[in-house]
Amino acid sequence: MDIFLLLEWTIKSVVIILIILGGFAYLTLYERRANARIQTRIGPNRAGPWGLLQPIADAIKLIFKEELIPEKSDKVLFILAPVITVVPAMILLAVIPMGPDILGFKIGLADGINVGVLYIMAVASIAVYGIVIAGWASNNKYALLGGLRATAQMVSYELSLALALVGPIMLANTMNIREIVVAQKGLWYIILQPLGFLIYFIAAVAEVNRAPFDMPEAEQELIAGYHVEYSGMKFALFFMAEYGKMIVICFIGATLFLGGYWGPFVDQVPLLGPIYLFVKVVILLFVLIWIRATFPRIRYDRLMAFGWKIMLPAALFNVVVTAAIVLLLEG
Amino acid sequence: MTLDLILFFGIAFIAVVSAISMLISRNAIYSALFLVLNFVAIASLYLLLNAAFIAMVQVTVYAGAIMVLFLFVIMLLGAERVETSPSLPWQLPVAILLGLVLVAEFAYVLFGKVAQAGGELTGVGEGFGSPASVGRMLFDQYLIPFEVTSILLLVAMVGAIVLTRDDRKGSR
Numbered sequence: 001m002d003i004f005l006l007l008e009w010t011i012k013s014v015v016i017i018l019i020i021l022g023g024f025a026y027l028t029l030y031e032r033r034a035n036a037r038i039q040t041r042i043g044p045n046r047a048g049p050w051g052l053l054q055p056i057a058d059a060i061k062l063i064f065k066e067e068l069i070p071e072k073s074d075k076v077l078f079i080l081a082p083v084i085t086v087v088p089a090m091i092l093l094a095v096i097p098m099g100p101d102i103l104g105f106k107i108g109l110a111d112g113i114n115v116g117v118l119y120i121m122a123v124a125s126i127a128v129y130g131i132v133i134a135g136w137a138s139n140n141k142y143a144l145l146g147g148l149r150a151t152a153q154m155v156s157y158e159l160s161l162a163l164a165l166v167g168p169i170m171l172a173n174t175m176n177i178r179e180i181v182v183a184q185k186g187l188w189y190i191i192l193q194p195l196g197f198l199i200y201f202i203a204a205v206a207e208v209n210r211a212p213f214d215m216p217e218a219e220q221e222l223i224a225g226y227h228v229e230y231s232g233m234k235f236a237l238f239f240m241a242e243y244g245k246m247i248v249i250c251f252i253g254a255t256l257f258l259g260g261y262w263g264p265f266v267d268q269v270p271l272l273g274p275i276y277l278f279v280k281v282v283i284l285l286f287v288l289i290w291i292r293a294t295f296p297r298i299r300y301d302r303l304m305a306f307g308w309k310i311m312l313p314a315a316l317f318n319v320v321v322t323a324a325i326v327l328l329l330e331g
Numbered sequence: 001m002t003l004d005l006i007l008f009f010g011i012a013f014i015a016v017v018s019a020i021s022m023l024i025s026r027n028a029i030y031s032a033l034f035l036v037l038n039f040v041a042i043a044s045l046y047l048l049l050n051a052a053f054i055a056m057v058q059v060t061v062y063a064g065a066i067m068v069l070f071l072f073v074i075m076l077l078g079a080e081r082v083e084t085s086p087s088l089p090w091q092l093p094v095a096i097l098l099g100l101v102l103v104a105e106f107a108y109v110l111f112g113k114v115a116q117a118g119g120e121l122t123g124v125g126e127g128f129g130s131p132a133s134v135g136r137m138l139f140d141q142y143l144i145p146f147e148v149t150s151i152l153l154l155v156a157m158v159g160a161i162v163l164t165r166d167d168r169k170g171s172r
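Chains as they are written, first to last, in this note's numbering: chain A, 1 to 331; chain B, 1 to 172.
Bound-form chain A, shown alone (with noise of 0.2 Å):
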């Protein structure tokens, strides 16, 4: 085993677990500031220059409150639920190439892998595990029906997810999400694949328990669900797993539908690869922040009808048609 090699591969992980954490903080910020103004008010300014130091000063907040541990819950996976909850939304950008090879550098950890989406699929299967834990281990009966609502609805709207993800994989002929960027190169798979865009986003956010989709933790039915009894920097663990997943279902709708990081003059200048994958990146982000402002929740039963009779048959469609194609002008 190379020595050099190891130490790379644990920076590249730092960095990675590091956009997460930053990422997270501002796109806490970043959110309440457009939900502000998409509601016509300032949002937090005070802290800082424009509200900038706001991220800190919740986290310091955050740390000094006191946890609560139920008396009656059980401790060990009350402990261990957040902890789990946090650990696939950090994980899940060790597939995505962040930029193209600067001389003969690679960004990105393992985005070379030829099971690439499959390792998006797995981890996304097993991000439900820390808030059904949560909700069983709080004893609260508040909690257990987010719990299970949030196991039905993620383990509904996967489906859809794969099926979704499925069409990229045809177009590009390959599982290597790296191979799959540079197949992008020309034409971005959203001009091919409008409907298996839409179906991975729509499917994207009820994954990650966003609104309208964020049954959950409904406030006004289940008083905030899963993590009703959860304070502290444990409450704030399960903020982070949801905020670094909205970040990572970016990135990974970016990489596979919106060309990665190609953009003008990539070929020239490498360097403005990841940049151009920021920008794609924070863009979708305004999209659910702007989709949390605009829809109400939807209903439970309609949430599923909808992932079953809709979304499942759609994603179908596109996978039967896209595949016909593909095969007709191969031959």
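In case anyone wonders, no lab produced these hints; they're calculated from the structure.
We put the CB at the ideal spot given by N, CA and C, even for glycine.
Among the hints, a few may not be true.
Unchecked claim - In silico negatives: residues of chain A with every beta carbon more than 12 Å from chain B: (1) L7; (2) I11; (3) R46; (4) G51; (5) I69; (6) L80; (7) V115; (8) Y119; (9) V128; (10) E158; (11) A162; (12) N173; (13) G232; (14) V266; (15) A293.
Stated by the list, open to error - Just a few of them, taken from the derived set where beta-carbon distance is under 7 Å, the chain A residues facing chain B: (16) N114; (17) L118; (18) S125; (19) I126; (20) W136; (21) T151; (22) M175; (23) I310.
As the list claims (entries may be wrong) - Every beta carbon over 12 Å from chain B, so not counted as near; a handful from chain A, in silico: (24) L18; (25) P49; (26) K65; (27) I84; (28) Y129; (29) L171; (30) F235; (31) V319.
Take the given structure of chain A and dock chain B to it, following the hints.
Frame of chain A, contents of chain B only:
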């Protein structure tokens, strides 16, 4: 090589401990979670053997889909406390018999087959078990078993829907 060995023993230890914990745990939720840990450890072992595809499928299907539904059912029924069930007298001899058959098969494969192959097993070729080669096998050489399985799964799905459908008149 040594790093691989250290990793192997670490993961194998986790797999064995989680499997035993799953069996002796009195709480069904804990059992299910230990089983998930076991699946993930086994998937890591597949990764060590360069079988990335099967590792990802293992995590997605077993840890991700099946065990989530197990947990869902346990929580929904509130069946996490396992009562000390009445002992099944026929269970022990059957278990011993099946265990012996398994050991015999192991021994045959391990000693008989390896001896036939001249002392050592050859490694698999490059690209074996990659998504593309697995797909080609499934849709080429094993097409009929694959289609039969798909029909079987479809029948099971339709059966589940028929069984749970509300048959009262005017329910729609």
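Cross-check of the supplied hints:
no.	hint	in the structure
1	L7	holds, 14 Å
2	I11	holds, 19 Å
3	R46	holds, 43 Å
4	G51	holds, 39 Å
5	I69	holds, 18 Å
6	L80	violated, 9 Å
7	V115	violated, 5 Å
8	Y119	violated, 6 Å
9	V128	violated, 6 Å
10	E158	violated, 8 Å
11	A162	violated, 8 Å
12	N173	violated, 9 Å
13	G232	holds, 24 Å
14	V266	holds, 28 Å
15	A293	holds, 31 Å
16	N114	holds, 6 Å
17	L118	holds, 4 Å
18	S125	holds, 3 Å
19	I126	holds, 5 Å
20	W136	holds, 6 Å
21	T151	holds, 5 Å
22	M175	holds, 5 Å
23	I310	violated, 17 Å
24	L18	holds, 25 Å
25	P49	holds, 44 Å
26	K65	holds, 28 Å
27	I84	violated, 9 Å
28	Y129	violated, 7 Å
29	L171	holds, 15 Å
30	F235	holds, 22 Å
31	V319	holds, 14 Å
The earlier numbered hints that this structure contradicts are 6, 7, 8, 9, 10, 11, 12, 23, 27, 28.
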